[in-house]
Amino acid sequence: MTSTPVSASLDPDRLAPEADDPEVGTVMRDEVVFCLPSTPADAIAKLLNDNILSELVVLVDRRPVGYVAKEDVINHLVEGDIVVAGSDFAVRPPSTAVQARDMLRQSPLLVDEHQRLSEVVALMAQHERRLAVITHEDETVVGMITPRELADFRLARRQVVHA
Amino acid sequence: MPELATIASPLGAECDPDDTLGDILSVLRLQDPVPLLVVRGDEVLGTVGLESIVSSFDMLDETSVRDVMRPAPRIDLGERIEAGAEAMRESSAEAAIVTAVEGGIFSKRSEPVGMISAAHVLGAIAKNVVDKAPMKIMSGHRDLGFNVPITPCQRNCPIRQDIATYIDYVSQGRYVDSWSVIHETNPFPSMLGRLCNHPCETDCKRGWDPGEDPVTIKSIKRFSTDFAFQQGLWIDYKIAAAKGKRVAVIGAGPAGLTCALDLRVQGYDVVLYEREAKVGGLLSTSIPPFRFDHRQLQWELDMILSTGIDVRLNSNIGPGPDDIKTKDLLDEYDAVFFSIGMMKGRILPIPGSDLPQVTDAMTFLRTVSYDKIPDNFPIGGSVVVVGGGAVATDACQSSIKLGAKDVWMVAIEPEDRLPAFGNELHEAKEIGLHIQCGVIVKQVEADEHGNVKAVSFAPLKDLDFDPLSGKLIFSSVKEVEGAPFWTVAADYCIFASGQIMERPDELVPVTQRGLLSADRGGHTGVPKLFCGGDCVQGPSFIVDAAGWGHRVARSIREFLGEDMQAAGDRIYQTVVERTDDHRQSEVFARVEPGILAAAKRYDMSEVEQSWSDQTAIVQAIRCFQCDSVHHYDQTVCVLCGACDDVCPEKAIDVVVFGEDRERSSGGETRVCVTSGGDPEAGGYEGEIFINYDRCTNCRICEDHCPVNCITFERVRFVDDTMRVVERPDLKVDLPLVAAG
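Protein sequences, first through last, are from chains A and B. Take the first sequence: its letter number 51 is residue 51 in the numbering used here, and every next letter is one higher. Take the second sequence: its letter number 1 is residue 1 in the numbering used here, and every next letter is one higher.
Keep in mind that the hints were calculated from the coordinates and are not lab data. Nothing here was measured: the structure is a model prediction, and the numbers come from that model. Where hints are given, some of them may not hold.
[Claimed, not checked] Dumping the calculated DMTMM-like pairs for lysine to aspartate or glutamate here, alpha-carbon to alpha-carbon at most 20 Å:
#, chain 1, residue 1, chain 2, residue 2
1, B, K325, B, E276
2, B, K238, A, E139
3, B, K136, A, E149
[As the list claims (entries may be wrong)] Ranges of calculated distance between the beta carbons of each label pair, as one might list FRET restraints:
#, chain 1, residue 1, chain 2, residue 2, range
4, B, R40, A, D152, 48 to 58 Å
5, B, P199, A, P22, 28 to 38 Å
6, A, E119, B, D645, 31 to 41 Å
7, A, L104, B, E586, 30 to 40 Å
8, A, D152, B, S315, 52 to 62 Å
9, A, Q159, B, A241, 35 to 45 Å
10, B, S110, A, E119, 24 to 34 Å
11, A, E79, B, S110, 44 to 54 Å
12, A, T26, B, D18, 32 to 42 Å
Virtual Cβ for every residue (Gly too), placed ideally from N, Cα, C.
Construct the entire structure; sequences and hints are all you get.
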């Protein structure tokens with residue numbers, strides 16, 4: 001008899017996810033920070049910073065249509081399209097006319113919530129992306145995954161293994 | 001100009017180039033978004049950030065920092081932030097080392113004193129952004145402690161439409177979002193965008209000030225719906241797991257369809273009985289085609305019925321031998337809902353009312369709705385319509401469009417008190433309607449062949465109206481004694497003098513007014529039997545009927561044992577959105593939709609025209625967005641009172657405990673409770689109240705807050721019952737811009 005491994009006789013789609021490679025929906029940040037095409041660049045900077053993101057998904061009618069990367073905002077600053085105001089302004093200064101639509105990148109990286117984490121990370125690496133938007137089966141956005149969630153997952157697994 | 005010194009942070013944690021990513025993972029995570037310095041000896045070789053783990057996630061313990069580190073350019077502390085950003089961009093760096101000159105003339109050299117990263121630069125750009133509202137979609141219901149108000153328009157709407165939100169979405173050009181929000185509680189937006197009596201506009205805050213008009217809410221709804229129809233969009237309802245319970249809904253009008261849809265979406269098996277050959281109730285059979293686009297009604301009905309509602313047409317519930325009996329329904333189903341409306345017109349019992357050319361308006365309009373000309377209708381002849389309401393106006397206009405030469409509307413009320421609302425009368429008069437008011441019908445006269453030849457009316461004395469309801473006081477209806485009758489020649493007479501509810505059978509309780517007896521939740525006192533809509537309330541508006549549908553669906557779900565508290569579990573997402581201010585809206589006046597030129601109104605073409613998107617956006621901008629309200633960051637607010645001082649509406653009260661400061665706004669909504677330090681030692685402690693009946697969302701408080709602690713944001717809870725999908729096969733060529 002040949003020693004065929006058991007796994008070769010099983011449909012991988014019918015197996016429960018392994019602890020080291022769970023469904024991405026169990027690891028994701030269960031909120032989606034977004035902006036609209038009309039969101040100004042300074043507000044995008046704030047959203048990126050407040051939520052510690054490198055990329056921000058752009059939604060139209062609650063559907064992802066693209067994303068903005070932090071490098072795009074910084075590029076516009078270097079080009080002089082955005083003014084960094086001092087702190088002595090009593091009221092909101094007009095800092096920029098640049099909006100998300102002016103620096104929109106396509107396409108957003110969308111992955112299904114049931115996809116395995118390893119597959120999602122491979123996709124992120126392949127596309128050189130730092131944000132994957134997690135969608136429900138009906139394409140509703142339900143969460144996102146960034147290097148922070150990846151690090152948290154790996155650190156948590158390390159603790160379990162050591163325990 | 002701001003310099004790097006204003007944003008640079010001290011040099012942070014370090015690692016060695018021979019470390020692996022696995023070694024430094026916890027430090028990387030801790031310091032994110034600022035990268036770690038890669039140092040060998042005293043020399044900074046570069047930086048490594050958390051983003052580097054993506055490409056080597058499976059080999060963190062085998063990947064050395066050296067392989068993934070990025071360069072770290074140096075830049076002087078006195079350079080501008082833009083120069084620092086440029087240095088990072090040019091070398092594709094995640095961070096730059098900020099240096100300062102140290103030493104004397106001969107020993108002068110630049111030493112690292114700090115660092116900047118992309119996060120520092122973004123922070124500088126964002127420094128003066130006062131809109132701190134997170135733009136977030138979060139799963140499930142989240143109580144974030146935000147102020148979630150009910151707006152005046154929403155409070156007045158029988159189906160609690162989230163009006164301010166869908167109007168704001170139109171102002172942003174988010175038409176599909178707008179249509180989706182409308183559909184959350186409104187299965188007939190195309191109808192209600194045209195035919196609603198819009199109680200929301202009655203209480204719109206924009207119209208509270210003298211000389212101001214409310215927002216054109218109804219027509220904005222119509223605009224969104226026209227857009228969705230043109231684009232071939234479709235609501236895909238998500239049906240919950242089957243409950244194993246069966247509900248019969250009798251009557252496929254607005255109340256019945258709304259209830260059936262609500263129950264179906266929650267997983268009930270719904271059987272819809274309709275005695276007509278088509279669903280829609282009075283929408284399909286009593287409202288003539290020139291009032292709306294029938295294709296849109298069909299589209300909305302299709303969306304509802306595609307959820308799997310079992311429709312049984314030509315099925316009457318009643319005492320007749322071929323009718324279905326109420327008792328059988330109660331035996332067969334877990335619950336039965338009667339929403340049979342008031343579909344029979346009333347013919348006043350005066351002499352001559354039994355002549356063959358006399359009919360009631362409901363029968364007349366029903367025949368027209370089936371694309372037929374009513375029996376005995378005198379094309380080229382004279383028609384008299386008795387009544388002054390919306391149904392009478394529809395009968396008059398339909399008569400003109402069917403080819404009657406002279407059409408009279410005769411009513412007892414004076415013309416400025418006629419129940420018909422909106423442009424209806426004006427439209428009808430433009431195409432030749434004659435109106436006679438202040439008379440009461442006495443007789444339909446017949447010629448020698450027994451056909452109608454004239455209708456006679458008695459003049460009335462001045463009438464009194466109830467100041468509260470505006471309805472006629474019966475005791476004031478008195479004929480002018482001795483005055484001659486006013487008689488008008490006629491070939492056909494239509495009575496638009498009320499509607500009658502036809503009681504299904506003795507099992508269904510009725511009131512003294514001849515209406516079905518039920519409370520506001522539709523409970524009848526008979527086990528398993530619910531009633532609602534016009535058949536309980538009397539003749540009312542479409543939106544009221546839809547409100548009944550929602551309420552009774554909820555009653556039925558409770559009756560069938562559903563835990564309505566737990567039903568909130570279907571809240572799928574919480575959406576927090578930043579909103580723009582609309583203060584420029586003051587310059588825009590209310591605009592009504594255009595109507596088709598009179599010369600083009602002699603057929604059944606739709607009279608009211610849609611708006612261009614420019615008009616719709618301008619009208620949407622007029623909205624104060626009462627749903628988007630203050631959020632005070634309690635950790636930042638210092639109770640300085642600047643918001644209170646600058647508020648032009650005097651809507652804010654900042655109360656500092658221990659200070660004698662008057663509360664003048666009358667507001668009871670507490671939006672902030674904060675303290676700082678020991679009040680005994682110069683600290684502060686207090687709270688802020690807002691009167692939202694005064695606040696107009698001008699956001700001057702936001703502008704003048706010295707610590708930027710005020711933002712305006714909207715919080716919405718979205719359930720998982722529906723999704724918008726595109727159906728290219730449905731896309732139609734519908735002109736969105738009003739002709740002319």
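Here is what the structure says about each hint:
Restraint check: the Cα-Cα separation between B/K325 and B/E276 comes to about 17 Å, which is no more than 20 Å; the hinted pair holds. For the given pair, B/K238 sits about 13 Å from A/E139 by alpha-carbon distance, which is consistent with the 20 Å threshold. A distance of roughly 17 Å separates the Cα atoms of B/K136 and A/E149; the hinted pair therefore holds under the 20 Å criterion. Checked against the hint of 48 to 58 Å, the pair B/R40 and A/D152 fails, with Cβ atoms roughly 29 Å apart.
Distance hint for B/P199 and A/P22: a CB-CB separation of about 51 Å, inconsistent with the stated range 28 to 38 Å. For A/E119 and B/D645, the hinted distance range of 31 to 41 Å is not satisfied, since their beta carbons lie about 57 Å from each other. Take A/L104 and B/E586: their Cβ atoms lie about 33 Å apart, and the range 30 to 40 Å holds. With their beta carbons about 60 Å apart, A/D152 and B/S315 fall inside the hinted range of 52 to 62 Å.
Taking the beta carbon of each, A/Q159 and B/A241 are about 37 Å apart, inside 35 to 45 Å as hinted. The hint said 24 to 34 Å for the Cβ distance between B/S110 and A/E119, and at roughly 47 Å that hint is violated. Distance hint check for A/E79 and B/S110: the Cβ-Cβ separation is about 27 Å, which falls outside the suggested range of 44 to 54 Å. Range check, A/T26 to B/D18: Cβ separation about 34 Å, and the 32 to 42 Å hint holds.
Figure legend: structure checked against the earlier numbered hints; hints not met, in rising order: 4, 5, 6, 10 and 11.
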